[in-house]
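Trainee: Based on these hints, arrange chain B on the given structure of chain A.
Spelled out, the chains give:
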Amino acid sequence: MSARTLPLLFLNLGGEMLYILDQRLRAQSIPGEKARKVMNDIISTMFNRKFMEELFKPQELYSKKALRTVYDRLAHASIMRLNQASMDKLYDLMTMAFKYQVLLCPRPRDILLVTFNHLDAIKDFIYESPAILNQVDETFRQLIETYSCLPDGEFQLIRQTLLIFFQDMHIRVSIFLKDKVQNSNGRFVLPISGPVPWGTEVPGLIRIFNHKGVEVKRTEFTTAGNYVTPQREGSFELYGDRVLKLGTNMYSVSRPVETHVAGSSKNLASRAKENTVPNPLAKEELNFLARLLGGLDIQKPAGGETGFRLNLFTTDEEEEHAAQTRPEDLSYKVINIEATQEPGRRAELSRILGELEVAEPRPGSAEKGEDLLALMDGL
Amino acid sequence: MAAAGTGYRRERALALRNSSSALYNNLTVLCPPARPPRAFGAVHGTTLSLLGPEGPPRQLPARGGGSALSTPLLTQMYEADGSTLVFWHALDVPEHPAAHSVFARGISAAGERFICVGTSSGAVLVFDIPPKGTNVTLSEVLEQHRDPVTDIAAEQGQAPEAAGDLVTADDSGTLCLWSTGEEFTLLGRIPGSGCTCSSVTLWNGIVAAGYGNGQIRLWEAGTGQLRAQVSAHARWIYALDLAPLTGKLLSGAEDSFVHVWKLSRDPDTDDVEIRHCHAECVTDTQVCGARFCDPAGDTFAVTGYDLSEILCYGPA
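Chains A and B, in that order, give the protein sequences.
Position one of the first sequence corresponds to residue 37 (our numbering), numbered consecutively onward.
Position one of the second sequence corresponds to residue 40 (our numbering), numbered consecutively onward.
Honestly, the hints are just simulated from the structure, not real lab data.
Be a bit skeptical, because a hint or two may be false.
What the hints assert, rightly or not - Derived contacts from chain A toward chain B, CB cut-off under 10 Å, selection only: (1) Ala39; (2) Arg40; (3) Ile56; (4) Tyr136; (5) Pro142; (6) Ile211; (7) Asn219; (8) Leu226; (9) Gly235; (10) Glu251; (11) Thr258; (12) Ala260; (13) Pro363.
The beta carbon of each residue, even a glycine, is placed where N, CA and C say it ideally should be.
Isolated chain A, as found in the complex (with noise of 0.2 Å):
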């Protein structure tokens, strides 16, 4: 599958979570000067030029349990604080709204789109600090070098290899639900009717060709669908009018967040399977989060700052409540790595991975994998 994949799915999830922070810190009230504090700080940290200098590299994919370890840690960049549950919240509404956006992709290509989209608001977000609004168009620059040039073959690709990222969850979001753009199953509705893509005509037409290459005749025929032209193509600029949707900013104060996570994929034995499977990549994907998390570049609060808990549901009650009914099959197990920058301390993270493999399982634990993740909690 595609080697590219890693920066737009990076990304993108990290455009969702700020939206969802951003309307959980206003719906929580929380004074606008600390507030801007955490989204300038993490915004700061996401897109710190080593950090996205690793994030760039061809690579392979890794699970969701790695990949959530790095929000964790993005999520914690500033004095901003979450409880596991409302981190779990956190991450469900994020993998389920880029889901949706990757699978309703016109053409393969507009995932850029998205992208854009995504990178337009954060830089609304930060449009005060021009320090961090540069480290912002210098990631827009590198997303247009990298991937302009791409075939629309190479895109499907890495499509694809989003799609399989994200197989088989189907977590219900209450807003994806309200404006029935998910179906209760947890399915997402796929409209057959609107603008076909661009490049793309509008199904009906059959025309027939003589062996000369002439037009010899012309019939039509009709189905279900109702389609139409579309009126332009989005702008793949560092400025420009997007034209799709797909990736902008669909929370507001007045929306709430919610998510139902017991029941909500009919296959469970293919979820839990997930967290079960052996997983020889298992030190492989230490390395890559020691690298990446070790690019990270997290402030220490100052004196003078107090910091806070935010929580992703209306109540202290509802986020407990959800943190003791949180299905087995679905729980992250989060991992919990001091990385830093300082050579030192990554010698010794990586003399620790060294000695962590030759480690004995622990008894009645089946899977290799699992223990070394297990393992590294205590670190």
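Mentor: For chain B alone, kept in the frame of chain A given last:
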């Protein structure tokens, strides 16, 4: 006009243990000539889900394990019931993943004793399958495509003179026509226009090709001439199949639609004809595999992304 002709209706759904991945041509059906029971296969990540005529569905993982997203670069061949691994072949894996992805895609039996497998470099591997025993060998590597191979199809009817009996397709839309044998010969090349050809079939010297822009094009295999162009689907086509006894063509795409068409040739003008027979909307599903289950095309089966079933359709 909506064409009359045989209608179809949904008959039943066969449960798979896993859902199907969004990969081109993601359904294969084994139709033994004598009896109706069939076997079905669909891909989920790095696992093949196999559904036989009897017994529960099985799963055949790709050797070497790995995450669903770092697919190992293998060809594996099993007995038809999935019981025994008969042969495997690994492609060269570069030390560090290059910016260009490396994978195998597109597979077809060809010329009675070969199996051809496409790769992301554009090369097509030709394996020689002995009539008895397991001594499969790599017979040839065909290097005509410059873009990743998408699909390979063998002639299912009677090839006219010089038309070739194998067609290979790639991401740029380029089609290559081959004649199979001890040594494969390139007979012709239909250059692509940049639009991916994701699925292809060959019947009586007519190439039917499905494209990323939703079009189906019919080409004369012998001359490379375009004979028909259909604005068939509103989204990327993922699967095409052909029923050799009747010339029925099946197309499935991301737009949730499966269409049945009828191919024919006017005996006087030699013009290729294609007319629309039936449209089926698989609600809220991006179709990724579609195959006829009998050589006349009276029945067909469909898979979709995230769907844990194979949907079967029969005569109305």
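Trainee: State for each hint whether it applies.
Mentor: Right, here's what the structure says about each hint:
no., hint, in the structure
1, Ala39, "holds, 4 Å"
2, Arg40, "holds, 7 Å"
3, Ile56, "violated, 24 Å"
4, Tyr136, "violated, 12 Å"
5, Pro142, "holds, 7 Å"
6, Ile211, "violated, 18 Å"
7, Asn219, "holds, 7 Å"
8, Leu226, "holds, 5 Å"
9, Gly235, "holds, 5 Å"
10, Glu251, "holds, 9 Å"
11, Thr258, "holds, 5 Å"
12, Ala260, "holds, 6 Å"
13, Pro363, "violated, 18 Å"
In the structure shown, a violation is registered for the earlier hints numbered 3, 4, 6, 13, in ascending order.
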